[in-house]
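Undergrad: What follows is each chain in one-letter form.
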Amino acid sequence: MGFSVSAATAIVFIAAFVSVGVLYSAGYAGFEQVEAATDAKHENALQAQNTAINITDVVHDADQPVEYVNLTVVNQGSTTLSVNATDVLLNGTYQKSYVTRTVSTGDGTVPAGSGGTDLWLPGETLRLSIQRNMSAPIHVYVVTETGVTATEVSA
Amino acid sequence: MASVSSETLILFIASILVAASVAGTMTDGVNRLGNALSDMSDDVSEEIRSDIEIISDPSSDALYDQNNATLTLLLKNTGSSRLNPDPGNVDLLVDGTYHENVSTAVIDGETWQVGNVVRLDAESLSLASGDHRAVVIVDGAREVIRFRT
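Top line first, the protein sequences correspond to chains A and B.
For the first sequence, the numbering used here gives the first residue as 1, with consecutive numbering after it.
For the second sequence, the numbering used here gives the first residue as 1, with consecutive numbering after it.
Same shape as in the complex, but just chain A (with noise of 0.2 Å):
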């Protein structure tokens, strides 16, 4: 009777401190993977409000046989963005191809885009060459990668 009580006990409690280590192992995994999350989330939060950009230019050149039309927009807040990330809607359609994507920096205008630059750092200005039959007024969109957008209309 003495004997195999405390074997018994002695078998419970074992079970308890390994049920104790499994619960506070899968507890404190899930506490870590929920606030890399959070963590996540506020960082693209701040790029977000670090975001400004500006359409400084839109030209439409409807001499062409196809039409054309030229923005300028600037990179004006302290976020690094990028451009194949960035959309561009004219009058509510999606602009899935451009002409030229040229990114002006401190050495120089560069291609930007796929075979060029992708970074559209801040200050810089990139300039869009979209050909496209337009009907004025034109509503110009574009939106950055955090979601910040900038809009236009030019007659």
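If you are wondering where the hints come from, they were derived from the structure by calculation, not from laboratory data.
All residues carry an ideal CB built from backbone N, CA and C; glycine is no exception.
Incorrect hints may have been included.
Derived list of chain A stretches under chain B, where covered just means 3 residues or more per stretch with a C-beta under 8 Å from a C-beta of chain B [unchecked claim]:
id : region
1  : 16-28
2  : 59-66
3  : 95-107
4  : 124-136
Between beta-carbon pairs, the in silico distance windows are [as the list claims (entries may be wrong)]:
id : chain 1 : residue 1 : chain 2 : residue 2 : range
5  : A       : Asp61     : B       : Met40     : 55 to 63 Å
6  : B       : Pro87     : A       : Asn133    : 26 to 34 Å
7  : A       : Thr38     : B       : Asp95     : 29 to 37 Å
8  : B       : Ala69     : A       : Asp118    : 33 to 41 Å
Got chain A; can you put chain B on it based on the hints?
TA: Relative to chain A, chain B alone:
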């Protein structure tokens, strides 16, 4: 040590068996709880990482096509993880009513990575002229767009 009777031995074995089965049930239950906790934190962290923005121009005619009764929305992934663009994973409510007939397509890539845009077409959607409100929900990220037709 004095020799023990067989009854004591049987009782000893029985009590050890009971203790072992209690211990086994307890660790089994705790294991299941640990797995459930793991799954729950996976889901919660995915939801936290999901974020979209509706980048459609609400003032343009390209938003709602009266002739085809189709509403087209552009959704940009602004979160920190890849999203699933299947129509079953994207919920659309127009003026408070759930709309089932939706199709999706990633327009600037293969998958809906961070920074990519998905076009959501809601077909057979007849909207009277006036103000409307569309709500898109993807993996817990909810965005609203208000427009006029």
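Undergrad: Now tell me if each hint is right for this structure.
TA: So, going through the hints one by one against the coordinates:
1. 16-28: holds (count 8)
2. 59-66: Result for this restraint: violated, n = 0.
3. 95-107: violated (count 1)
4. 124-136: violated (count 0)
5. A/Asp61 with B/Met40: 55 to 63 Å: 57 Å, holds
6. B/Pro87 with A/Asn133: 26 to 34 Å: At 32 Å between Cβs, range holds.
7. A/Thr38 with B/Asp95: 29 to 37 Å: Holds - the Cβ-Cβ distance for A/Thr38 and B/Asp95, about 33 Å, lies within 29 to 37 Å.
8. B/Ala69 with A/Asp118: 33 to 41 Å: 39 Å, holds
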